[in-house]
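Protein chains: 2
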Amino acid sequence: MEKKGFCVWFTGLSGSGKTTISNLLVEEIKKRRGNVEVLDGDVVRTNLSKGLGFSKEDRDINIRRIGFVAHLLVRNGVPVICAAISPYKAIRNEIRELIKDFVEVYVNASVDECARRDVKGLYARAFSGEIKEFTGVSDPYEPPDNPEVVCNTEEETVEESTAKIVARLEEMGYL
Amino acid sequence: MEKKGFCVWFTGLSGSGKTTISNLLVEEIKKRRGNVEVLDGDVVRTNLSKGLGFSKEDRDINIRRIGFVAHLLVRNGVPVICAAISPYKAIRNEIRELIKDFVEVYVNASVDECARRDVKGLYARAFSGEIKEFTGVSDPYEPPDNPEVVCNTEEETVEESTAKIVARLEEMGYL
Numbered sequence: 001m002e003k004k005g006f007c008v009w010f011t012g013l014s015g016s017g018k019t020t021i022s023n024l025l026v027e028e029i030k031k032r033r034g035n036v037e038v039l040d041g042d043v044v045r046t047n048l049s050k051g052l053g054f055s056k057e058d059r060d061i062n063i064r065r066i067g068f069v070a071h072l073l074v075r076n077g078v079p080v081i082c083a084a085i086s087p088y089k090a091i092r093n094e095i096r097e098l099i100k101d102f103v104e105v106y107v108n109a110s111v112d113e114c115a116r117r118d119v120k121g122l123y124a125r126a127f128s129g130e131i132k133e134f135t136g137v138s139d140p141y142e143p144p145d146n147p148e149v150v151c152n153t154e155e156e157t158v159e160e161s162t163a164k165i166v167a168r169l170e171e172m173g174y175l
Numbered sequence: 001m002e003k004k005g006f007c008v009w010f011t012g013l014s015g016s017g018k019t020t021i022s023n024l025l026v027e028e029i030k031k032r033r034g035n036v037e038v039l040d041g042d043v044v045r046t047n048l049s050k051g052l053g054f055s056k057e058d059r060d061i062n063i064r065r066i067g068f069v070a071h072l073l074v075r076n077g078v079p080v081i082c083a084a085i086s087p088y089k090a091i092r093n094e095i096r097e098l099i100k101d102f103v104e105v106y107v108n109a110s111v112d113e114c115a116r117r118d119v120k121g122l123y124a125r126a127f128s129g130e131i132k133e134f135t136g137v138s139d140p141y142e143p144p145d146n147p148e149v150v151c152n153t154e155e156e157t158v159e160e161s162t163a164k165i166v167a168r169l170e171e172m173g174y175l
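Just so you know, the sequences run in chain order A and B.
Numbering-wise, the working numbering puts 23 at position 23 of the first sequence, and it's gapless, one number per residue.
Numbering-wise, the working numbering puts 3 at position 3 of the second sequence, and it's gapless, one number per residue.
Chain A on its own, in the form it takes in the complex (with noise of 0.2 Å):
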């Protein structure tokens, strides 16, 4: 079998369960296939996004830098999962037509069981108006329309989301 990469694209709030998912998957698709990239939100802030902010455009030049990295990685055969909230559908959909190799993974929680779950403090500081633009609280989130996976993370476990990825790669051909 020929080596194809492909891009597992995360997107949803924070506290969804965007990157615990993500860390399961990439056990899986390593077994499978030796390499994997992550380029989640955090990582990409650091090193290729430092000083952009959370206005509508800081957050689609983000998107688009991910974007631009993920298609060098794909098109060189390198699965890749990107995990950032990504909450814009039209910045989604141009990545997709860029990398074509898209599997896009609507993580979905609702915004009242992240604000519960709280992991990083950051939900309690939106509501206060600490943290302006925060998604979901002071700033839209627009769901995928059709994507290739949805993982309702209120209901299912970690293990069965990262099951029904897997299952929908495998379908595709990816792994």
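What the hints contain is simulated information worked out from the structure, not anything from laboratory work.
Here the structure is a predicted model, which is why all the values come from computation and not from measurement.
Possibly wrong hints are sitting among the right ones.
Which copy is meant is left open, because identical chains are indistinguishable; a pair holds if it fits in one copy or across any two.
Straight line, CA to CA, 30 Å or less: simulated DSSO-like cross-link-like pairs of lysine-lysine [to be verified]:
hint, residue 1, residue 2
1, Lys-120, Lys-89
2, Lys-120, Lys-30
3, Lys-89, Lys-100
4, Lys-30, Lys-100
5, Lys-30, Lys-164
6, Lys-164, Lys-100
7, Lys-164, Lys-3
8, Lys-100, Lys-56
9, Lys-56, Lys-89
10, Lys-50, Lys-132
11, Lys-30, Lys-4
Given the coordinates of chain A, assemble chain B onto it according to the supplied hints.
Just chain B now, kept in the frame of chain A:
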């Protein structure tokens, strides 16, 4: 033979011949390895570093971003060519430490000769003071101490320079 990634890192003044040599080198690497990516100064400034200027700080950030992306590709077995002026020694050495499989190519031509060629018309604008912080005119260029290859483009043809790099890559086991 296992396919090992590597990074050919060009450094030299604007107009010294980095892009011209890298265009020929790309073909040679493609023939032998099938794939190769070029991270050229202009491409990167468009896709990863829009908004950055030419102060030492901004140049260093730009080079670090190129290094970050090159590293991701190299560790996945991809041959990469980086062709940016990269005038500062310390940051080039930082990238060398990061990537390890790093082949520094010093493209050497005097400021006078580069200004005579003035491919992009930039030297005229630098001498007139219209462009500030122009490497070799109003901003320093620090040549490498121990580059893997030196191309003296005032004396060699593009073919000769390229052949030197290919020979060194074969010697080092990358081709």
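Quick one: Lys-164 to Lys-3, C-alpha cut-off 30 Å, is that within a copy, between copies, both, or neither?
Answer is within; shortest intra-copy Cα gap is 21 Å, inter-copy 33 Å.
Which holds for Lys-30 with Lys-100 at a C-alpha limit of 30 Å: within a copy, between copies, both or neither?
This pair counts as both: shortest intra-copy Cα distance 22 Å, inter-copy 23 Å.
How would you label the pair Lys-120, Lys-30 (within, between, both, or neither) given a Cα cut-off of 30 Å?
within (28 Å within a copy, 46 Å between copies)
Intra/inter-copy verdict for Lys-89 and Lys-100 if alpha-carbon distance must be at most 30 Å:
Intra 16 Å, inter 39 Å, cutoff 30 Å: intra-copy only.
Given a CA cutoff of 30 Å, do Lys-164 and Lys-100 count as a within-copy pair, a between-copy pair, both, or neither?
Intra 21 Å, inter 38 Å, cutoff 30 Å: intra-copy only.
Up to 30 Å between alpha-carbons, please classify Lys-30 paired with Lys-4: within, between, both or neither.
Both ways: Lys-30 and Lys-4 sit 14 Å apart in one copy and 18 Å across, limit 30 Å.
If the cutoff is 30 Å on CA atoms, where do Lys-50 and Lys-132 land: within, between, both or neither? Let me know, please.
So Lys-50 and Lys-132 pass the 30 Å test inside a copy (18 Å) and across (24 Å) alike.
If the cut is 30 Å between Cα atoms, do Lys-120 and Lys-89 qualify within a copy, between copies, both or neither?
within (25 Å within a copy, 39 Å between copies)
I want to check one pair: Lys-30 and Lys-164. Are their C-alpha atoms no more than 30 Å apart within a copy, between two copies, both, or neither?
Within one copy, since 17 Å is at most 30 Å while 38 Å is not.
Within, between, both or neither: how does the pair Lys-100, Lys-56 come out at a Cα-Cα threshold of 30 Å?
within (24 Å within a copy, 37 Å between copies)
First find the shortest C-alpha distance between Lys-56 and Lys-89 inside one copy, then the shortest across copies, and answer within, between, both or neither for a cut-off of 30 Å.
within (12 Å within a copy, 37 Å between copies)
Hint violations for this structure: none, all hints satisfied.
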